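A.B. asks: Read off the chains here:
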Amino acid sequence: MENLKNYIVENVITVRDLKKTFKPKARKGVEVKALDGIAFEVPRGEFFGLLGPNGAGKTTTIGILTTRVLPTGGVAQIEGIDVARDPVSVKRRIGVVPQVNNLDRSLTAKEILLFHAEYFGVPKHEREESAQRLLERFELADRADEKINGFSGGMVQRLKIGRALMHDPAILFLDEPTTGLDPQSRRAMWDLLTELNQKGLTILLTTHYMEEADQLCRRIAIIDHGKLLALDSPAQLKRSVPGGYLIELQVRDGANGSFGESLRSLLGVVEIKAENDRVRIYADRVEGLLANAMRLAGEQNVMVTDAHVSEPSLENLFLHLTGRSLRE
Amino acid sequence: MTAFIALLHRDLRVVRRELPSFLLRVVLNPLLFTFIFGFVMPRMGIIQHGYTDMLLPGILGLSMTLSSMQAVSLPLVIDFGWSKEIEDRLLAPISIAGVGLEKIIVGVIQAILAGIVVMPLAWLLMRVHLHLSLTGVINSAWWSAPSSRRSKSVWCSQCCLRR
Numbered sequence: 033m034e035n036l037k038n039y040i041v042e043n044v045i046t047v048r049d050l051k052k053t054f055k056p057k058a059r060k061g062v063e064v065k066a067l068d069g070i071a072f073e074v075p076r077g078e079f080f081g082l083l084g085p086n087g088a089g090k091t092t093t094i095g096i097l098t099t100r101v102l103p104t105g106g107v108a109q110i111e112g113i114d115v116a117r118d119p120v121s122v123k124r125r126i127g128v129v130p131q132v133n134n135l136d137r138s139l140t141a142k143e144i145l146l147f148h149a150e151y152f153g154v155p156k157h158e159r160e161e162s163a164q165r166l167l168e169r170f171e172l173a174d175r176a177d178e179k180i181n182g183f184s185g186g187m188v189q190r191l192k193i194g195r196a197l198m199h200d201p202a203i204l205f206l207d208e209p210t211t212g213l214d215p216q217s218r219r220a221m222w223d224l225l226t227e228l229n230q231k232g233l234t235i236l237l238t239t240h241y242m243e244e245a246d247q248l249c250r251r252i253a254i255i256d257h258g259k260l261l262a263l264d265s266p267a268q269l270k271r272s273v274p275g276g277y278l279i280e281l282q283v284r285d286g287a288n289g290s291f292g293e294s295l296r297s298l299l300g301v302v303e304i305k306a307e308n309d310r311v312r313i314y315a316d317r318v319e320g321l322l323a324n325a326m327r328l329a330g331e332q333n334v335m336v337t338d339a340h341v342s343e344p345s346l347e348n349l350f351l352h353l354t355g356r357s358l359r360e
Numbered sequence: 002m003t004a005f006i007a008l009l010h011r012d013l014r015v016v017r018r019e020l021p022s023f024l025l026r027v028v029l030n031p032l033l034f035t036f037i038f039g040f041v042m043p044r045m046g047i048i049q050h051g052y053t054d055m056l057l058p059g060i061l062g063l064s065m066t067l068s069s070m071q072a073v074s075l076p077l078v079i080d081f082g083w084s085k086e087i088e089d090r091l092l093a094p095i096s097i098a099g100v101g102l103e104k105i106i107v108g109v110i111q112a113i114l115a116g117i118v119v120m121p122l123a124w125l126l127m128r129v130h131l132h133l134s135l136t137g138v139i140n141s142a143w144w145s146a147p148s149s150r151r152s153k154s155v156w157c158s159q160c161c162l163r164r
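If you're matching them up, the sequences are chains A and B in order. If you read the first sequence in my numbering, its first letter stands for residue 33, the second for the next number, and so on. If you read the second sequence in my numbering, its first letter stands for residue 2, the second for the next number, and so on.
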């Protein structure tokens with residue numbers, strides 16, 4: 033059955049039992065396990081997310097997959113090619129947007145794109161064309177002939193993505209692409225990535241922002257301390273948290289006391305928190321819960337001024353899985 | 002191979018763009034050296050006869066080595082340590098050894114460039130005190146190895162030829 037699945041869906045990234053240990057010079061004799069047996073597969077065209085706090089092993093995973101870090105154990109394959117054995121072939125197939133700004137500081141924005149394509153042997157007229165197209169798409173055309181010293185964080189980020197796309201890769205790796213961007217640039221970045229994915233590009237992204245993983249990714253792997261904790265679609269992951277469903281009621285008066293207590297009797301309710309004029313109902317997903325709550329309010333003459341239903345969040349899930357919050 | 006040539010192309014483009022500062026860096030140091038040791042001091046007569054014959058190849062070697070080292074290793078230090086720019090090159094479809102080899106070749110090219118610039122300049126500055134012929138240069142290079150000879154002999158092309 034497993035084999036059959038592989039025939040139908042082609043996996044472009046395969047990671048099996050991946051391990052990486054460091055021996056930091058500062059602390060003698062101590063072995064740090066950056067990755068402790070991670071395994072996942074990414075089919076072609078998917079938007080895959082690695083979610084975890086700082087130091088969880090996300091960057092190490094991407095480093096290994098992009099041939100910049102050698103694994104200590106296990107297998108990592110890109111389109112069936114082992115990254116440790118044949119890094120040059122792997123490099124041809126991937127585009128990488130690293131965390132740090134490693135753009136060529138001696139060249140102008142346009143030259144950065146052109147030379148990158150030249151490294152990959154893209155013919156001259158072709159690379160001129162796609163450089164112009166990408167500069168325009170990423171709103172960098174008016175600064176194409178400037179060096180990158182005066183570029184803003186968002187511009188640098190867009191140029192890094194542009195550079196990664198110059199040689200038309202099959203897979204795009206992004207290491208925390210929106211860290212340090214303002215909300216507007218982040219939104220634009222999300223739109224851009226969604227657009228690229230819709231055009232058929234496989235994307236693997238790491239992030240420590242819950243809402244980013246939630247918005248963008250089709251599947252998320254949650255990692256912490258080098259271990260894979262969960263892997264599923266955002267909706268499925270959130271559903272796996274008991275009582276992760278949240279209804280927030282804004283009431284005019286008489287919130288605390290009897291109304292809160294009576295809500296507790298409703299089917300599926302896990303916990304009630306009432307404070308001042310706000311009642312929070314943590315519950316499992318049950319049909320008609322909001323309607324039942326409103327009916328109870330009507331019966332007890334409690335005036336509900338506003339109701340807000342929020343899906344279970346990944347934040348809650350992370351807390352549930354690791355016992356600690358994502359933002360330490 | 003395409004990646005190798007492209008990397009070379011990139012580095013040479015940068016060299017060409019920074020040519021004025023490259024030339025200044027290459028020329029200034031040997032120029033001062035030759036001016037003092039090859040022009041002023043022989044004029045004052047406080048330097049042994051024939052010293053300038055040694056100075057010319059020495060200055061040439063020094064400026065070629067230093068300029069190529071400065072041009073390649075200093076940017077590499079920054080690339081590795083601070084800007085991480087080296088990863089930009091390492092993502093090109095070429096082995097790590099290939100990137101290293103390319104840097105060496107760029108260094109050699111810049112050394113030759115420096116030599117071409119410094120040689121005539123130093124020659125011009127010291128020419129009144131030089132007694133060099135091609136065979137003299139070869140011979141002096143050959144004989145400069147054992148140190149005992151150096152103290153005994155007076156270095157000029159005539160004596161080298163006679164021996």
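Just so you know, the hints here were simulated from the structure itself, not pulled from any lab data. The structure presented is a predicted model; accordingly, all values stated were derived computationally and were not measured. Glycine residues also receive a C-beta, built at the ideal position from the N, C-alpha and C atoms. Keep in mind that the hints are not guaranteed to be accurate.
Chain B is faced by these chain A residues, among others (derived, beta-carbon under 10 Å) [unchecked claim]:
no., residue
1, Gly106
2, Val107
3, Leu135
4, His199
5, Leu233
Below, a list of computed lysine-lysine pairs in the DSBU-like style, where the Cα atoms sit at most 35 Å apart [unchecked claim]:
no., chain 1, residue 1, chain 2, residue 2
6, B, Lys85, A, Lys142
7, A, Lys179, B, Lys85
8, B, Lys85, A, Lys156
A.B. asks: All hints, please: hold or fail.
C.D. replies: Going through the hints against the structure:
Violation of the interface hint for Gly106(A) is found here, the shortest Cβ-Cβ separation to chain B being roughly 22 Å, above the 10 Å cut-off. The restraint placing Val107(A) at the interface with chain B is violated, with a minimum CB-CB distance near 21 Å, outside the 10 Å limit. The interface hint given for Leu135(A) is met, as the beta carbon of that residue sits about 7 Å from the closest beta carbon of chain B, less than 10 Å. Using the Cβ-Cβ criterion of 10 Å, the hint placing His199(A) at the interface with chain B is satisfied: the shortest such distance is roughly 8 Å.
Using the Cβ-Cβ criterion of 10 Å, the hint placing Leu233(A) at the interface with chain B is not satisfied: the shortest such distance is roughly 17 Å. Pair hint Lys85(B) plus Lys142(A) holds up; C-alpha atoms about 20 Å apart against a cutoff of 35 Å. Note on Lys179(A) and Lys85(B): the hinted pairing holds, with a Cα-Cα distance of about 17 Å set against a maximum of 35 Å. Taken as a hint, the Lys85(B) and Lys156(A) pair is honoured in the structure, with Cα atoms around 28 Å apart against an allowance of 35 Å.
Going through the hint list in order, the structure does not satisfy hints 1, 2, 5.
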